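Asks: Generate coordinates for the entire structure from the input sequences, incorporating the hints supplied.
If you're matching them up, the sequences are chains H and W in order.
Position one of the first sequence corresponds to residue 1 (this note's numbering), numbered consecutively onward.
Position one of the second sequence corresponds to residue 681 (this note's numbering), numbered consecutively onward.
Accuracy of the hints is not assured; some may be wrong.
[Said to hold, decoys possible] Simulated pairs of lysine to aspartate or glutamate, DMTMM-like, Cα-Cα distance not exceeding 25 Å:
{"no.": "1", "chain 1": "W", "residue 1": "K784", "chain 2": "H", "residue 2": "E8"}
{"no.": "2", "chain 1": "W", "residue 1": "K682", "chain 2": "H", "residue 2": "D113"}
{"no.": "3", "chain 1": "W", "residue 1": "K784", "chain 2": "H", "residue 2": "E68"}
{"no.": "4", "chain 1": "H", "residue 1": "K345", "chain 2": "H", "residue 2": "E432"}
{"no.": "5", "chain 1": "W", "residue 1": "K784", "chain 2": "H", "residue 2": "E19"}
{"no.": "6", "chain 1": "W", "residue 1": "K792", "chain 2": "H", "residue 2": "E22"}
{"no.": "7", "chain 1": "W", "residue 1": "K794", "chain 2": "H", "residue 2": "E8"}
{"no.": "8", "chain 1": "W", "residue 1": "K784", "chain 2": "H", "residue 2": "D14"}
{"no.": "9", "chain 1": "H", "residue 1": "K107", "chain 2": "W", "residue 2": "D688"}
{"no.": "10", "chain 1": "W", "residue 1": "K784", "chain 2": "H", "residue 2": "E11"}
{"no.": "11", "chain 1": "W", "residue 1": "K784", "chain 2": "H", "residue 2": "E450"}
{"no.": "12", "chain 1": "W", "residue 1": "K784", "chain 2": "H", "residue 2": "D113"}
{"no.": "13", "chain 1": "W", "residue 1": "K784", "chain 2": "H", "residue 2": "D6"}
{"no.": "14", "chain 1": "H", "residue 1": "K103", "chain 2": "W", "residue 2": "D688"}
{"no.": "15", "chain 1": "W", "residue 1": "K792", "chain 2": "H", "residue 2": "D179"}
{"no.": "16", "chain 1": "W", "residue 1": "K794", "chain 2": "H", "residue 2": "D179"}
{"no.": "17", "chain 1": "W", "residue 1": "K784", "chain 2": "H", "residue 2": "E22"}
{"no.": "18", "chain 1": "H", "residue 1": "K10", "chain 2": "W", "residue 2": "D688"}
{"no.": "19", "chain 1": "W", "residue 1": "K792", "chain 2": "H", "residue 2": "D6"}
{"no.": "20", "chain 1": "W", "residue 1": "K784", "chain 2": "H", "residue 2": "D179"}
{"no.": "21", "chain 1": "H", "residue 1": "K10", "chain 2": "W", "residue 2": "E710"}
{"no.": "22", "chain 1": "H", "residue 1": "K353", "chain 2": "W", "residue 2": "D688"}
{"no.": "23", "chain 1": "W", "residue 1": "K792", "chain 2": "H", "residue 2": "E64"}
{"no.": "24", "chain 1": "H", "residue 1": "K10", "chain 2": "W", "residue 2": "D707"}
{"no.": "25", "chain 1": "H", "residue 1": "K79", "chain 2": "W", "residue 2": "D707"}
{"no.": "26", "chain 1": "H", "residue 1": "K82", "chain 2": "W", "residue 2": "D688"}
{"no.": "27", "chain 1": "W", "residue 1": "K784", "chain 2": "H", "residue 2": "E115"}
{"no.": "28", "chain 1": "W", "residue 1": "K784", "chain 2": "H", "residue 2": "E64"}
{"no.": "29", "chain 1": "W", "residue 1": "K792", "chain 2": "H", "residue 2": "E11"}
[Claimed, not checked] Non-contacting residues of chain W with respect to chain H, defined by C-beta distances greater than 10 Å in every case (computed):
{"no.": "30", "residue": "F703"}
{"no.": "31", "residue": "V708"}
{"no.": "32", "residue": "K777"}
{"no.": "33", "residue": "A789"}
None of these hints come from the bench; they were simulated from the model.
Just so it is clear, the structure is predicted and the values come from calculations on it, not from any experiment.
Just so it is clear, CB atoms sit at the ideal spot from N, CA and C, and this is done for glycine as well.
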Amino acid sequence: MAGALDNEMKELLDSFLIETQEILDTLDQDLMQLESQAENFDLLNSVFRSFHTIKGTSSFMGFEQITEITHHAEDILNKLRKFELKVNSEIVDALLEVYDWLKTLLKKAQAGDTEPVDYSKTMEKLTKIVHPEAASKSAQQPAGVQAATAAPQASSTSVVDSILSDKSFGTSGDYFTDDELSMIANAFAEINRSMIPAVTDAATPEPVPAPSVAPTTAVATPPPTPSVSVTPSATPAPTAAPVAKAPEPIAPPKKLPIKEATSTPGPDDKKAVAATTETTIRVDVNRLETLMDLSGELVLGRNRLAQVTQELMQRYENHDFLRELQETSSTIDFITTELQSAIMKTRMVPISKIFQKAPRIVRDLSKEFGKDIELVLRGEETELDRGIIEELNDPLVHMIRNSCDHGIESTAERERTGKPNKGTLTLDAQHEGNHIVVSIIDDGKGIDPEMLKRKALEKGLITSEQFQTMSDRDAFSLIFMPGFSTAEKVTSVSGRGVGMDVVRTNIQKLKGIIEVDSKIGSGTTFTIKLPLTLAIIQGLLVRVHSEIYALPLSAVVEVVNTDLNQIYSVNQNEVIRIRNQVFPLIRMDKVLKTPTTEATLENRYVVVVGLADKRLGLVVDELLGQKEIVIKSLGEYLGHIRGMSGSTILGDGRVIMILDIEELIQAAHTIAASVWQQQG
Amino acid sequence: MKFLVVDDSPTMRRIVINALHSFGYNDVVEASDGQDALAILYTEKIDFVITDWNMPNMNGLELTKAIRNDATFGNLPVLMVTTRGIKEDIVQALQAKVNNYIVKPFTPAVLKEKIQAIVPNA
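Replies: This is the structure in structure tokens:
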């Protein structure tokens with residue numbers, strides 16, 4: 001029994017968390033729109049409903065702080081709806097603060113953390129907006145109200161009527177007094193008494209004429225007046241001049257509009273609603289993960305089947321039976337590919353999930369720095385694996401902040417340099433083969449590589465030799481070094497020296513590549529290239545001695561023939577120069593300690609791989625082509641093997657290792673450091 | 681007794697429906713706003729409506745008025761779910777002839793009480 005209740009409670013909590021998250025997802029956008037569309041009553045109502053719903057559901061779940069703060073926000077929205085307040089940026093700021101608190105509180109709720117937060121400052125702001133005059137009068141109010149309401153309650157006429165005709169009923173304070181509440185209770189009892197006979201009749205459906213709705217029984221009343229016409233003054237007229245529509249569409253005296261509007265399209269509407277509710281269902285992520293795993297296994301099986309079929313075909317040419325097998329095999333091949341991409345799609349989330357946070361960040365920062373920044377979003381519908389989206393969030397948010405903070409100049413500075421006053425920040429996402437490329441482009445002042453190098457030198461991050469010889473491109477990469485910050489002064493958003501380092505770490509975790517391109521005076525572009533998904537990847541198969549290894553294709557920057565003229569030795573480490581860029585070189589046969597190591601580099605290949613901002617050349621014996629590979633972990637008994645990120649099974653059943661680019665690059669780090677010294 | 685639970689919040693509907701189930705009322709249909717609810721009322725025989733106030737498209741008050749104006753189900757009991765009563769709302773609810781209102785958050789016991797206050801032998 002208790003178990004069933006617990007389950008019910010857990011389900012409710014899940015439902016609450018999901019619903020509230022969904023509301024919050026659109027709430028900040030709505031709030032910001034409200035700032036520019038103060039007259040948009042539908043928008044106002046929708047914002048109101050968002051807070052209202054959260055308040056209602058949270059009160060059931062026992063999240064008192066959520067209930068309290070949404071309640072205060074709702075008070076403001078109520079005043080806006082009644083035209084007692086006008087939307088201004090102070091109000092939007094305060095409501096956005098509430099939004100931020102709600103996000104925090106929801107996270108805590110999710111984590112089961114019941115420690116209360118201190119949002120008293122926000123509460124003060126909210127209270128000040130609702131009660132600009134010091135809230136001191138309220139103490140005197142209840143007494144007066146009681147006196148006013150005591151009399152009508154004693155009278156013997158209909159309670160409903162006396163409430164409706166008492167002009168002072170419910171006109172003071174925000175809430176009813178106890179006396180008023182008990183009168184209301186009586187009034188409802190009265191309505192009920194008048195309807196009960198009809199209710200029991202309703203069991204045997206017998207058309208009851210509408211007028212009988214009015215009180216008919218017991219209580220001595222004046223003739224049943226259609227209550228709508230008695231419009232009591234208890235509903236206060238909007239104090240501000242009603243500019244747009246009336247707050248609550250007042251129901252017309254006859255049944256006309258509401259019924260007409262709804263009776264005809266009614267059934268269709270229901271169908272429409274039913275249809276929309278049925279097109280999406282919520283699925284536990286673990287189930288999708290299982291599907292993913294299974295489809296991965298299927299891909300392996302398919303590869304094996306294709307290979308075996310091929311071999312059979314070669315051995316027993318033109319056998320009819322084999323042709324059938326081949327057909328079946330290719331059908332399975334096709335279906336598997338389709339199935340796999342379909343399953344992959346279930347995990348895909350549009351990048352708008354992150355992009356939609358940008359307007360708020362840009363708005364707040366523009367305000368804080370007194371800059372005028374236009375935000376352009378492109379390719380918001382581009383989809384990415386959900387896990388990648390989660391990891392990408394922090395770096396992207398950080399980079400947006402960075403660009404607003406010290407990318408785009410102040411209005412004054414822009415004017416001085418003859419640029420348009422308004423700076424532009426563009427977020428762009430697009431597919432490129434099996435990758436997604438996200439760019440953050442600003443038209444700000446750009447990054448000065450000399451300045452970066454100077455800073456790095458001051459901080460002791462590079463040597464004076466490196467300072468002399470470092471290329472611009474490598475200089476840009478300095479911003480990703482731990483402990484490097486170029487902000488002249490520390491602001492609330494940047495200058496803490498942790499930022500870009502964290503960005504790099506996260507991109508690295510995603511097996512992505514990040515590149516910086518900048519031109520002094522005209523802006524900076526950050527380009528992030530990420531794999532679409534982490535479970536199944538495109539691999540480049542290479543041969544080192546007699547072994548085959550796979551490299552994630554997303555990490556491959558380019559492949560070149562070894563050109564002995566371009567390979568130099570620096571401090572006993574080899575480097576290769578490709579189009580004026582120098583990369584450390586690693587001979588895979590040495591690293592992997594294959595039995596016979598050929599001394600010559602001739603007729604071999606260099607695969608240039610990259611991770612985040614780092615690049616490295618790997619010397620391999622042969623390129624075997626591109627294959628879709630399913631990453632399998634090495635299992636517990638093998639644990640972690642240096643330089644390997646996992647394994648996969650080829651079509652012929654051979655197990656091959658997937659090289660871990662991150663570790664190889666780390667291993668080459670010492671080499672890289674010495675390379676910088678010699679570059680130029 | 682067949683209940684119609686109207687609320688735009690799935691969580692709220694769930695809370696109400698769970699409570700109804702615990703009283704043994706298993707015949708429950710749900711709607712996400714007033715229009716949706718009316719559509720159901722035109723096609724199904726409903727004995728009791730529990731509706732939220734604030735909903736998109738058609739709110740609970742408009743729904744109640746539409747119910748009261750209907751020739752066949754004009755006397756249908758309507759229990760309005762509100763948050764701690766903003767006065768003019770309650771007055772409006774009275775005018776619209778809502779049978780009773782219940783303030784969020786409520787316990788299942790209070791919900792049962794309110795239902796039985798309206799339909800004693802339910």
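Asks: Against this structure, judge whether each hint is valid.
Replies: For each hint, the structure was consulted:
| no. | hint | in the structure |
| --- | --- | --- |
| 1 | K784(W) <-> E8(H) | holds (19 Å) |
| 2 | K682(W) <-> D113(H) | violated (39 Å) |
| 3 | K784(W) <-> E68(H) | holds (13 Å) |
| 4 | K345(H) <-> E432(H) | holds (17 Å) |
| 5 | K784(W) <-> E19(H) | holds (18 Å) |
| 6 | K792(W) <-> E22(H) | violated (31 Å) |
| 7 | K794(W) <-> E8(H) | holds (23 Å) |
| 8 | K784(W) <-> D14(H) | holds (19 Å) |
| 9 | K107(H) <-> D688(W) | holds (23 Å) |
| 10 | K784(W) <-> E11(H) | holds (20 Å) |
| 11 | K784(W) <-> E450(H) | violated (63 Å) |
| 12 | K784(W) <-> D113(H) | holds (24 Å) |
| 13 | K784(W) <-> D6(H) | holds (22 Å) |
| 14 | K103(H) <-> D688(W) | holds (21 Å) |
| 15 | K792(W) <-> D179(H) | holds (24 Å) |
| 16 | K794(W) <-> D179(H) | holds (19 Å) |
| 17 | K784(W) <-> E22(H) | holds (21 Å) |
| 18 | K10(H) <-> D688(W) | holds (21 Å) |
| 19 | K792(W) <-> D6(H) | holds (21 Å) |
| 20 | K784(W) <-> D179(H) | holds (20 Å) |
| 21 | K10(H) <-> E710(W) | holds (21 Å) |
| 22 | K353(H) <-> D688(W) | holds (23 Å) |
| 23 | K792(W) <-> E64(H) | holds (24 Å) |
| 24 | K10(H) <-> D707(W) | holds (23 Å) |
| 25 | K79(H) <-> D707(W) | violated (39 Å) |
| 26 | K82(H) <-> D688(W) | holds (22 Å) |
| 27 | K784(W) <-> E115(H) | holds (24 Å) |
| 28 | K784(W) <-> E64(H) | holds (13 Å) |
| 29 | K792(W) <-> E11(H) | holds (22 Å) |
| 30 | F703 | holds (14 Å) |
| 31 | V708 | holds (15 Å) |
| 32 | K777 | violated (6 Å) |
| 33 | A789 | holds (14 Å) |
In this structure, the hints that do not hold are numbers 2, 6, 11, 25 and 32, in rising order.
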